[in-house]
Structure formats: C-alpha cells, structure tokens
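Protein chains in written order, with this note's numbering: chain B, 1 to 165; chain U, 1 to 401.
Keep in mind that the hints were calculated from the coordinates and are not lab data.
Check the hints yourself; a few may be wrong.
Stated by the list, open to error - Computed cross-link-like contacts, DSS-like style, restricted to lysine-lysine with a CA-CA straight-line distance of at most 30 Å:
1) B:Lys123 with U:Lys85
2) U:Lys85 with B:Lys80
3) B:Lys79 with U:Lys85
4) U:Lys85 with B:Lys86
As the list claims (entries may be wrong) - Coverage of chain B stretches by chain U, computed from C-beta distances (three or more under 8 Å per stretch; other residues unrestricted):
5) 17 to 31
6) 93 to 100
7) 134 to 145
Every value quoted in this text rests on a predicted model; they were computed, and no experiment measured them.
Beta carbons: idealized from backbone N, C-alpha and C, even for Gly.
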Amino acid sequence: MAIDKFTGENSIAFIKSEQLFDFARRNSLWYIAFGIACCAIEGLMSASGPRFDFDRMGVFFRNSPRQADVMIVAGTVNKKMAETVKRLYDQMPEPKWVVAMGACASTGGPFREYPNVVLGVDKIIPVDVYIPGCPPRPESVQYAFIELQKKIAKRTEERLAARNS
Amino acid sequence: MSDICEETLGVGLLCEGQHDPGTPPAGLRRAPSGVDGLTTEHLIINMGPQHPSTHGVLRMIVEVDGEEIVAAEVSVGYLHRGIEKLAEHRRYDAVGTLMDRGDYVSGMMGELAFALAAEQLMDVEVPRKAHWLRSLASELNRLASHLVWYGTFGLDTGAMGQFLYAMREREALLDILEALSGQRMMFNYIRPGGVVADMPLGVTEKIRAFLSTFDMYLDEYDQLLGGNEIFQGRVKGIGTIDRQMALAFGLTGANLRAAGVDFDIRKARPYAAYPELDFEVPLGSTGDAWDRYNVRMAEMRQSARMIAQLIDGMPEGEHTAKVPRIIRPNAGEVYASVESSRGETGIHLISDGTEHPYRMHYRGPSLYAAQALEEILPGHLIADVVMIIGSTDIMLGELDR
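Pulled out of the complex, with its shape left as it was, chain B reads as follows (with noise of 0.2 Å):
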C-alpha cells in the first residue's frame, strides 16, 4: 500500500489485503436515507447538513439500501415498520453495520409502555452501535460513527490474530 516515490524511504508498506478493505471500508461508511422519525432531523439531515459535514468523514447517504453499508435506525419502529426494516437490513449487501439511533431505537423509549411499539431494533436485526438520547446530538452521531470506525477496525485485527496463532 501507499507506494509514493516521494516520500521517503519508507515508500512501500506491507499490508494483508485484509486490512486494505478494512481501511476502504472504514473511511467510506455509506449510510441508507432512512429516516423513520424525530431522530432522522437530526442524524440524517443535519448531519449532512453544513454544520456538521460528515462527507468529510466519508460518511455520505445513498438512497437505495444496495449501495449503503450502515444503516441508522432514526427513530421508533413499530410493529408495521418491523417488517419493512428487517427487509431492507436483508437487501443491504454485506458486509454491513447498524447503528441504533435515540432512545426509541435503542429500547422503545418514551413509547415504550404503547404496545405498537418493538422495544428497540435489536429485537429484529443486529445492532453495532447505540446511541443514547432523544433524540442524540449530531456530535452525538459523529462519534458513533468514529466508534463504528473503530469497532470495524477490531474485529479485522481480532481476526487476523486468531489466525496466526
């Protein structure tokens, strides 16, 4: 990786092709446009909105859920919704992450005692990253993203050391 004439001596690097997709895949975490309710103002709009700018993180919206890698559940799902989000979590290509976004997501939150409501996404696919608030920051949103980076980081490595050992 990294062959530059110009830099230096240090112009080749070894690097497993592994950690080559881990790196691409790490810095261009493209997320489905999404929004379910409150939290998609907030995670999705401001987000890519000025302020906030996650492009420069590589962090960009696709509107179809074959061309996204994550996909931030923003907002209450019920049981109507269930089905439709279990079904674009499994038109997603892999690999592919979720975050759970807001209170609602997370665990029903404050219409957690309506029975309409799934008690958190998690109850249906599988959730990366919670993020608590409602609805969260967009700092908030931002920094799930670097744990998100992180995490997917991890896992190559982890992987990698039980190979070699």
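Here the structure of chain B is known, so what remains is to put chain U in place on it, guided by the hints.
Same frame as chain B, now just chain U:
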C-alpha cells in the same frame, strides 16, 4: 390454456385473452384497465415507506397507465406510536414531551396547543410575558420548520445547494431555540401556565444578529430555487387544490391559503401575543404547488417581521403563572387550536379532575393533506408525485400520531 398459464405463472395477467388484473389488494381503488381504448395493462408501483422523498414513512400505492397516474392510495400507520393513548398516562406538565414528538419539526406549536387547552380547564391567568415568549418560540420554530420544508422541497426536484443553505440558517435558529429552552428539537418549553424559563441573557442579541441577515438571505434563497426556470417549469400548474376542494378536505395552513381562502388561526381565533402583533396573511390564488411555495416563502418573511416586533416589545414580568406542582384541572371538555407550520393543530381535551387527561385527541393538519393527495395525484405524471407530496409539507409524526 389460461388455466395452465395461471397455474404455472401464478398470475393471470400474462396469459392470452385475460385482461382482468385480478383482485386488487384490500383497500386499493382500481381504475378500469385500458381507459384510453388501448389495452395497456396498468402497473402498480409501491412507493415507500423507505423513499427519500416521502418526508418520513408515508407509503403510496400508485397505479400507473404508462407514465400517467390513474389511482393513488395513501397507506399510513408506519409511525403510529400512540401519542393520544400515552397522554392519558402522563401528567399535565409532561404531555408536552409527547406533543414535541408528534410534529417533530415544529414542537413548540404542539406544546402550545396542549397548554392552551389545559389552561382553559385550570383557571389560571397566564402572564403577558409568557404570551410573548410563547409567540416568540412559535415563530422561531415556524422559521426552522419552513426551512426544512424549503430544503427538502428543493431536494425533491433534484436541487441540492439550497438544502445546505437552509440547513445553515436552521442551525442558527436551533442555537437560539437551544439557548431559550435547553434543547435543539424536543423542547417541552411551553407548559400549562406559562413557559418553563425566562429568556436568558444574550438571546435577544443572538436573535437580532440572526434577523440582521435573514431577510437578505431569504431573498437570495427565493431566487436560488424559485427564480430557477427549471424549478418553475416543474412546479407551476401541478397539484392544484382549488378553493372548494381545499375546504371539502378540511385543509388548513399554507395549503388552504394557497387556494385563496383567508383563514389563519392567528387572526381568526387569536391566542398568545398575536392580537398585539402586526402581520399579514399571505394568500395564493390558484392553489397549485407554485402557490404553496410562494405562500410559505412569504410566511417566512412575516415570521421574521413578527420576531423583530416580539423582541422589541418584550414586556417585563413573570414568565409563568403560579401553578401547582401536580396539576389537577377542573373536569370538563375543551378544544384549543393553534396555527402550526402546517395548519391547524388542535387539542381536544377531556379531563375528569385527576392529574392525567381522561382523553386527548390530537388534530394534526397533515392527515387531511395526505387525504387530498389521493384526489389530486391522478392525472399527473410519475415524476410529479414527489413534487406534490413535497409541496403539501406533510409531517408523518403527526399524521400517524
């Protein structure tokens, strides 16, 4: 032949001699196939609930003949989370948290509607300053809400730049609202009896700094999107809701005023500080998407004008009346409504004298606009669907409640 065909393919449509598309899904209206004399098969397109242009989780089942829409069905309920029912288990000062999450882009107006309803049962006298702070919060929030509409309406046409500008202005507004109430979106600021806190130091200056540039920017934004010939060509003449249809569907807000009906709750049934403010109600004439665009842009100018009056004339005094810690209003049944960003947001409240409401009905304007969509969409092209949905500015949180 046809039997075998149906057996093997599972659909009667593809078989020779068969033109009956079969039984439609429950609740779906079907236009007769081949209305133009040609035997073209109609296609059913499902739009949503995951669609970037449905402004939430609206699902539309659209039946098309070529590119023309012949029938449209709106399927709602993907965000139903029982706000009305849960309000029966909340104390009166906590129902505002649910109202925020109903119409989540303009939470202040929902809180205000509930507070007005509860106050009718409570015999409290709301201080003058609380009225003014309520109006100030509402108008700031209306600007923030209309900016979201402006940004996403442009996105529906395929424009991107104006969205970034609208978001920039909105962040400035959210900073002000955060300084005022402590939160960016879910405020719970307006409560029965008044508002939760007085205006902190420095907010007036922030608002003045915002207003000093906002009018100029708004003209620029209007030119950016409304001055664009492509945008005008796409928006003019589509989605016409005339005066009669608007009244028949119970539309309120900018959707109604674009049809030329002069009805604004701020004028018709004044509340908070609106009787003391000087503002105009912008009206349209034909009621198409272009008129709705212009009415909303003009409303933003009026809101900015009102905010300037509100901070100049902010009275001294208490920000809230003396209310008990646990509110137990008198038994009774009341209705109060406010002009939210989308129209009449009303609360029908029944109290039995305990600390929880006995029953609360939340009348949101978006449901009525979504009903009108079914009527106005047939006859348009597929590409116009997102434009028409965008122009009605529906909010799924209050539609499904």
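Evaluation of the provided hints:
1. B:Lys123 with U:Lys85: With Cα atoms ~24 Å apart, lysine 123 (chain B) and lysine 85 (chain U) stay inside 30 Å; holds.
2. U:Lys85 with B:Lys80: Answer holds: lysine 85 (chain U) to lysine 80 (chain B) is near 18 Å, not above 30 Å.
3. B:Lys79 with U:Lys85: This hinted pair holds, its Cα atoms lying about 17 Å apart.
4. U:Lys85 with B:Lys86: 27 Å, holds
5. 17 to 31: Coverage by chain U is violated for the segment 17 to 31 of chain B (0 residues, Cβ < 8 Å).
6. 93 to 100: violated (count 0)
7. 134 to 145: Held - the segment 134 to 145 of chain B has 3 residues with a Cβ nearer than 8 Å to chain U, which meets the minimum of three.
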